[in-house]
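Protein chains in written order, with this note's numbering: chain Z, 1 to 84; chain D, 1 to 224.
Derived by calculation from the structure, the hints in this document are not laboratory data.
All C-beta atoms, glycine included, are put in the ideal place defined by N, C-alpha and C.
Do not take every clue at face value.
[What the hints assert, rightly or not] Partial list, derived from the structure: chain D residues whose beta carbon lies under 8 Å from chain Z:
1) G10
2) E93
3) T102
4) N104
5) S106
6) A169
[Claimed, not checked] Non-contacting residues of chain Z with respect to chain D, defined by C-beta distances greater than 10 Å in every case (computed):
7) T5
8) D18
9) E29
10) R30
11) G36
12) R43
13) I46
14) D49
15) T54
16) A55
17) L67
18) L68
19) N70
20) D75
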Amino acid sequence: MTAYTATVTVRLKRGVLDPEAETTQQALERLGFELGDLRSADRFEIDLDADDETAATDRAGEMAERLLANPTIHDYDVAVETRE
Amino acid sequence: MTVSVIRFGGSNCDRDAVRALAHLGVDADVVWHEDGLPADTDGVVVPGGFSYGDYLRAGAMAARSPIMAEIRDLADDGVPVLGVCNGAQIGCEAGLTPGAFTTNASARFQCEHVHLRVENADTPWTAAFDEGEVVEVPIAHGEGRFEIGSDAYDDLVADDRVLFRYCDADGEVTEAANPNGSTGAVAGLTGDRDTVAVMMPHPERATLPELGLTDGQGVLDAFA
Numbered sequence: 001m002t003a004y005t006a007t008v009t010v011r012l013k014r015g016v017l018d019p020e021a022e023t024t025q026q027a028l029e030r031l032g033f034e035l036g037d038l039r040s041a042d043r044f045e046i047d048l049d050a051d052d053e054t055a056a057t058d059r060a061g062e063m064a065e066r067l068l069a070n071p072t073i074h075d076y077d078v079a080v081e082t083r084e
Numbered sequence: 001m002t003v004s005v006i007r008f009g010g011s012n013c014d015r016d017a018v019r020a021l022a023h024l025g026v027d028a029d030v031v032w033h034e035d036g037l038p039a040d041t042d043g044v045v046v047p048g049g050f051s052y053g054d055y056l057r058a059g060a061m062a063a064r065s066p067i068m069a070e071i072r073d074l075a076d077d078g079v080p081v082l083g084v085c086n087g088a089q090i091g092c093e094a095g096l097t098p099g100a101f102t103t104n105a106s107a108r109f110q111c112e113h114v115h116l117r118v119e120n121a122d123t124p125w126t127a128a129f130d131e132g133e134v135v136e137v138p139i140a141h142g143e144g145r146f147e148i149g150s151d152a153y154d155d156l157v158a159d160d161r162v163l164f165r166y167c168d169a170d171g172e173v174t175e176a177a178n179p180n181g182s183t184g185a186v187a188g189l190t191g192d193r194d195t196v197a198v199m200m201p202h203p204e205r206a207t208l209p210e211l212g213l214t215d216g217q218g219v220l221d222a223f224a
C-alpha cells in the first residue's frame, strides 16, 4: 500500500449561475481590482492508502460521484500525489 | 394515516408540520432520524430547516443518512412523501426527485410570501386546487433556485411533473415573480411517482387559520 493525497476539485458546470462568485467579483471590483471573470470551486484534500495511483484515483472519484459533487450542477476532477 | 415527520439535527419546521397536519385531522409525529421509521408509517414529511448546518450543500448530508433509504423504499411502494424547503433540497440530493436546489440568484436568504400557479391539479398534492389556480404561501430559503439539465427539464415538463411555478398575483409567470431564479420558475415537482413531491415554499406555514394564509392546506390534504 502507498500513501496518497487525492485532491478533488468540485466546480459548477459552465453555464450554471454562481451568485456567490458574482458577489465576490463585485466586492473585488469595489476594492479597485481589475478582473475579467471569477469562478469559485471547492477543493477537498483526502489522505488515503491504496495499492496504486489508479486505485487511489478511482476511490476519490467515487467519493466525488457519491457525495462531494452533485452531478446536476457540478463537474469535478481528481489529482493524486504520493504522500510522504 | 400516521405521518412521520423526520427530524435531523438542524430541522426547524418539524413541529410546524405536525401541528399543521393535526389541524387537518392527520395523525403525525416527529421521528428522530436515527430511530428509523415507525412500522405504522404511511406518510412521510421531510421538513424544512438546516439539517447538518447545510454542510457541503443544503441537504447533502441528510440525503445520505440511513433513514432516507427507508423513505425511498416506502416511496417506491406508493407511500406519500413530501419534502418541504430543506426537505426539498434533501429529496433532490437523495434522487427522489430530479434536479437540484442551489443558491438563490440574489445570493440572499429570502423570506416572503409568493404566489404559485398550480400546473398539474391531477396529483395528491394539488387535487384540492384547479389547474391554473393561484395560491399564496411563504418561502424562506437561501438555496431555492431550481437547477436541472435542459433535457431533464424537457422530460419533467413533458411528463407533467411540475406541480407549481412562481407567478404574480394574476397567475402570470414572469421573471419579476420568480424569487430565486429557478429554471422554468419551478417551485415544486413530483418524482417518478406522483405520490413523491418536493417544494421550496412552506405549505405548513399556510395552514393554520390564525397565521393568516391557508392555501397550504390543499397540499397537506394529500395526507388526509
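Now for the hints, and whether the structure bears them out:
Below 8 Å, beta-carbon pairs count as interface contacts, and G10 of chain D has none with chain Z, the closest being about 18 Å; its hint is therefore violated. Taking 8 Å as the C-beta cut-off, the interface hint given for E93 of chain D holds, the closest approach to chain Z being about 7 Å. Restraint check, T102 of chain D versus chain Z: the minimum CB separation of about 6 Å is within 8 Å; hint holds. The criterion of a C-beta within 8 Å of any C-beta in chain Z is met by N104 of chain D, whose closest approach is roughly 7 Å, and the hint holds.
Restraint check, S106 of chain D versus chain Z: the minimum CB separation of about 7 Å is within 8 Å; hint holds. With a cut of 8 Å, the hint placing A169 of chain D at the interface with chain Z is violated, because the nearest CB-to-CB distance is about 26 Å. At the 10 Å boundary, the C-beta of T5 of chain Z stays outside the reach of chain D, the nearest C-beta of that chain being 20 Å off. Look at D18 of chain Z: its CB is around 8 Å from the nearest CB on chain D, not clear of 10 Å, so calling it non-interface is violated.
Listed as a non-interface residue, E29 of chain Z keeps its Cβ farther than 10 Å from every Cβ of chain D; the least gap is roughly 15 Å. No Cβ of chain D comes within 10 Å of the Cβ of R30 of chain Z; the nearest lies about 15 Å off, and the non-interface call holds. Every Cβ of chain D is farther than 10 Å from the Cβ of G36 of chain Z; the closest lies at roughly 20 Å, confirming the non-interface assignment. Listed as a non-interface residue, R43 of chain Z keeps its Cβ farther than 10 Å from every Cβ of chain D; the least gap is roughly 13 Å.
Chain D leaves I46 of chain Z outside its interface by the beta-carbon criterion, the shortest separation being 14 Å against a cut-off of 10 Å. With a cut of 10 Å on Cβ distances, D49 of chain Z stays outside the contact zone with chain D, its closest approach being about 24 Å. Against the 10 Å criterion, T54 of chain Z stays outside the reach of chain D, whose nearest CB is about 26 Å from its own CB. A55 of chain Z, annotated as away from the interface, keeps every beta carbon of chain D farther than 10 Å; the closest lies near 23 Å.
The Cβ of L67 of chain Z sits about 6 Å from the closest Cβ of chain D, inside the 10 Å cut-off, so the non-interface label is violated. The claim that L68 of chain Z lies off the interface is violated: its Cβ sits roughly 7 Å from the closest Cβ of chain D, which falls inside the 10 Å cut-off. At roughly 5 Å from the closest C-beta of chain D, the C-beta of N70 of chain Z falls inside 10 Å, breaking its exclusion from the interface. The beta carbon of D75 of chain Z sits about 12 Å from the closest Cβ of chain D, which is more than 10 Å, so the claim that it is off the interface holds.
The earlier numbered hints that this structure contradicts are 1, 6, 8, 17, 18 and 19.
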